[in-house]
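> All chains should be modelled from the sequences, with the hints used to inform the complete structure.
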Amino acid sequence: MWFPSVCIALFLITAVKAQETPYTICPDPDRISPCVCEKDCDDCQAVIVCKNILTQTTLQEIFDKSGDFPFRTAIIQDSSFQYIPHEVFLKNRYIYFTLKNCTLVQILDDEITGFAPLNSLTLLDLKIQKKIKWRTSRI
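Read in order, the letters of the sequence shown correspond to residues -18 to -1, 1 to 121 in mature numbering (1 follows the signal peptide of the UniProt record, and there is no 0).
Just so you know, these hints were derived from the structure itself, not from any lab. Treat each hint with caution, since some may be false.
No more than 25 Å apart at the CA atoms, straight line, and that leaves these computed lysine to any residue pairs for SDA-like [what the hints assert, rightly or not]:
1. K82 with L103
2. K47 with P99
3. K33 with W116
4. K82 with D107
5. K21 with T6
6. K47 with Q59
7. K82 with T39
This structure is a prediction, so every number in the text was calculated from the model and none was measured.
Here's what the structure looks like:
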């Protein structure tokens, strides 16, 4: 008697899980630390949010670790690093990328070549600290 009930329950669980897209699933927090995965609702897309990234190495490690997850949106805020590696847009497949209240030396390390699905690059309150080399003139 209990067998049909178990079969129905398993079918319903499988049907619900099948409707989830990979874009709505947050990975384990330790897989994307120091970033977090945010969602506004159960069916909403997962967004990776990174704050207080202070070195280029940390930024690269984040992109390397999160490359396995199909995030479409990335937000980096309140951070300071050299640049965004151009391969991030090719490897991680972000469609929406936001830099908010960040300090960089330059925006990209190289131009983006090849197919990149990036639809929107939003730069808010961005500070570029490019070094200026002065030539002394001889009079």
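> Now look at each hint and say whether the structure bears it out.
Against the structure, the hints:
As the CA atoms of K82 and L103 are separated by approximately 11 Å, the hinted pair is consistent with the 25 Å bound. As the CA atoms of K47 and P99 are separated by approximately 19 Å, the hinted pair is consistent with the 25 Å bound. Taken as a hint, the K33 and W116 pair is broken in the structure, with Cα atoms around 34 Å apart against an allowance of 25 Å. For the hint pairing K82 with D107, the CA-to-CA distance comes to about 6 Å; that is within 25 Å, so the pair holds.
Taking the CA atoms of K21 and T6, the gap is near 8 Å; set against the 25 Å cutoff, the hint holds. The hinted pair formed by K47 and Q59 meets the criterion: a straight-line CA distance of about 18 Å does not exceed 25 Å. The hinted pair formed by K82 and T39 meets the criterion: a straight-line CA distance of about 19 Å does not exceed 25 Å.
Checked against the numbered hints listed earlier, the structure breaks hint 3 alone; every other hint is satisfied.
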